[in-house]
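> Okay, here's what each chain looks like letter by letter:
There are 4 protein chains.
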Amino acid sequence: MLRLLIDVNVNVNYSLSDWRPRLSGFEPRDSDYADRVRESFDRQRIMALIGAQLVRLEPGECEIQLPFKPELSQQHGYYHGGIIGTIADSAGGYAAFTLMPRDASVLTVEYKMNLLAPGDGELLIARGRVLKAGRTLVVAQVDAGVVKDGRETLCATLLQTLMTMHGRPDQ
Amino acid sequence: MLRLLIDVNVNVNYSLSDWRPRLSGFEPRDSDYADRVRESFDRQRIMALIGAQLVRLEPGECEIQLPFKPELSQQHGYYHGGIIGTIADSAGGYAAFTLMPRDASVLTVEYKMNLLAPGDGELLIARGRVLKAGRTLVVAQVDAGVVKDGRETLCATLLQTLMTMHGRPDQ
Amino acid sequence: MLRLLIDVNVNVNYSLSDWRPRLSGFEPRDSDYADRVRESFDRQRIMALIGAQLVRLEPGECEIQLPFKPELSQQHGYYHGGIIGTIADSAGGYAAFTLMPRDASVLTVEYKMNLLAPGDGELLIARGRVLKAGRTLVVAQVDAGVVKDGRETLCATLLQTLMTMHGRPDQ
Amino acid sequence: MLRLLIDVNVNVNYSLSDWRPRLSGFEPRDSDYADRVRESFDRQRIMALIGAQLVRLEPGECEIQLPFKPELSQQHGYYHGGIIGTIADSAGGYAAFTLMPRDASVLTVEYKMNLLAPGDGELLIARGRVLKAGRTLVVAQVDAGVVKDGRETLCATLLQTLMTMHGRPDQ
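Residue numbers (the working numbering), protein chains in the order written: chain A, 1 to 171; chain B, 1 to 171; chain C, 1 to 171; chain D, 1 to 171.
In short, the hints are calculated from the structure, not lab data. Just so you know, nobody snuck in bad clues.
No copy is singled out in the list; a pair is fine if it fits within one copy or between any two copies.
Heads up, simulated DSS-like pairs for lysine-lysine below, C-alpha to C-alpha not over 30 Å straight-line:
| id | residue 1 | residue 2 |
| --- | --- | --- |
| 1 | 69 | 132 |
| 2 | 69 | 148 |
| 3 | 148 | 132 |
Model the full structure from these sequences, guided by the hints.
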């Protein structure tokens with residue numbers, strides 16, 4: 001089990017968790033949200049192919065981790081930006097899904113990702129948080145950090161729009 | 001060899017190629033651009049993991065195709081949005097790279113992707129085109145289509161910013 | 001009346017209209033769409049403040065023009081990027097609104113704009129086109145050109161998501 | 001002087017300042033950055049036309065406020081989204097400019113804005129913060145809040161890329 005010293009060095013000294021503190025207060029509409037999310041995550045076969053794991057769920061929040069392997073790399077040997085986008089898309093999507101009713105599924109409408117530093121490290125972490133949960137649309141933010149030698153660096157940030165598909169259960 | 005009847009049904013009847021015709025006229029600064037791009041693509045190990053192939057290169061343009069396999073799917077069995085983003089990111093990045101000098105490498109600054117239709121089909125095609133090639137920054141557009149039963153549907157569109165890293169050869 | 005020679009010089013020689021030809025074939029659900037759009041545009045008081053005019057409407061398309069005046073400038077004397085975004089947002093929004101039912105209003109969910117060239121000229125033109133019209137969400141693309149000495153240069157491009165507010169007439 | 005009770009109600013109870021705390025620690029490269037920014041802001045004539053004011057500057061941060069007037073409205077009488085984008089673009093741009101050297105100017109490369117709530121209120125506030133300051137590119141985040149009856153609601157959030165134009169002083 002990899003233990004992380006979370007110490008972000010994005011030009012300034014602060015931790016990711018301080019920087020954007022937990023948005024507490026979201027009330028899930030389905031008390032079984034965690035089972036529903038985990039079951040859906042397990043059906044995303046791409047997560048198994050790349051080796052991603054769902055490590056934390058809270059109402060309005062989701063964290064996914066992805067250990068490095070060379071098969072995930074772009075031409076310079078770092079995590080490919082699209083793979084950072086892949087786990088970030090799922091992290092934001094499932095953060096939104098925690099707040100959706102039982103009979104709904106979640107759809108990504110769009111996202112925009114800025115790559116802030118090379119994805120150079122042994123572990124990639126994507127943390128999705130809901131910013132605004134409307135009846136139909138949900139806006140989420142995802143920060144992705146890469147951990148190298150026990151230090152985490154913010155390597156990407158996403159702003160994402162998701163849609164609640166009412167009356168269409170995920171399964 | 002899969003032969004495609006390109007017939008997009010994005011609410012209206014037009015083909016992707018008509019819709020955004022080839023932007024001819026870009027002059028590559030390095031006549032060996034194709035070798036340089038293909039060699040870089042081959043080093044993107046994620047492309048081999050997912051099974052993506054570089055199928056066409058022109059100055060300012062790049063097309064990547066990815067046959068479906070269940071390991072690429074999201075929870076409903078379609079191509080995961082992040083995987084669409086992965087080959088689209090490479091298609092736009094290599095479209096830009098065709099126009100860069102020999103001693104430069106390419107970096108994705110950011111992209112924004114709208115998902116327009118489910119990634120439901122047997123083949124995914126990402127076509128990147130340079131919109132504007134500045135000295136440092138390049139802006140590209142990528143359309144991704146999914147082919148099902150011989151018909152292609154536009155499933156995503158990206159707007160992407162790339163950076164020329166002068167003096168840092170890709171290799 | 002300003003007559004335009006549309007001849008875009010975005011590194012290559014092609015006209016904006018060739019480059020992304022008219023997407024014909026959208027069927028408006030409300031035959032009075034043009035009146036509805038014009039009436040809504042006239043209520044956007046910001047358009048009068050800056051001097052913008054709605055010059056063309058088709059199903060799924062809208063063009064807005066804005067003559068230059070120094071009061072619209074950023075620090076170097078060109079059109080401010082936010083003002084380019086303002087008329088582009090309305091051009092994409094009203095392109096979408098042409099396709100909406102009579103009892104609906106339109107809401108911008110988000111947009112992403114790349115600035116491709118300085119907004120240096122005597123006339124700004126924003127052309128919005130619908131890419132995909134879903135029941136609830138509409139995706140539009142907007143190109144903005146700036147005309148100087150009779151030549152138009154593509155200065156910005158947007159990718160935009162809009163929402164149909166069913167049952168809430170615009171007025 | 002308008003005094004604000006900052007109490008954001010974005011579904012949850014927290015203040016904007018708690019939510020994304022000040023990123024302290026940026027070191028300006030030009031000790032006269034504040035004069036340089038204010039002088040540039042004063043040359044943005046669009047700010048005078050709409051009535052926007054630069055109210056706070058710190059290294060890596062900038063806040064702009066815009067009192068409501070009907071001339072700024074969209075069709076429903078609220079702040080037009082493009083106007084929210086206009087002051088947000090300047091807030092992020094000047095947040096970046098505080099960190100640039102004396103002989104540089106700042107250029108917006110692109111931004112993406114999500115509109116989270118109607119711009120319904122008597123004051124609009126845009127707070128730009130630098131996320132990452134590279135040598136050439138700077139990534140900033142801007143939150144825009146609208147104040148109604150003394151309560152502030154987060155109405156938009158932007159993710160923005162800016163460019164340092166070295167050797168080209170702003171003036």
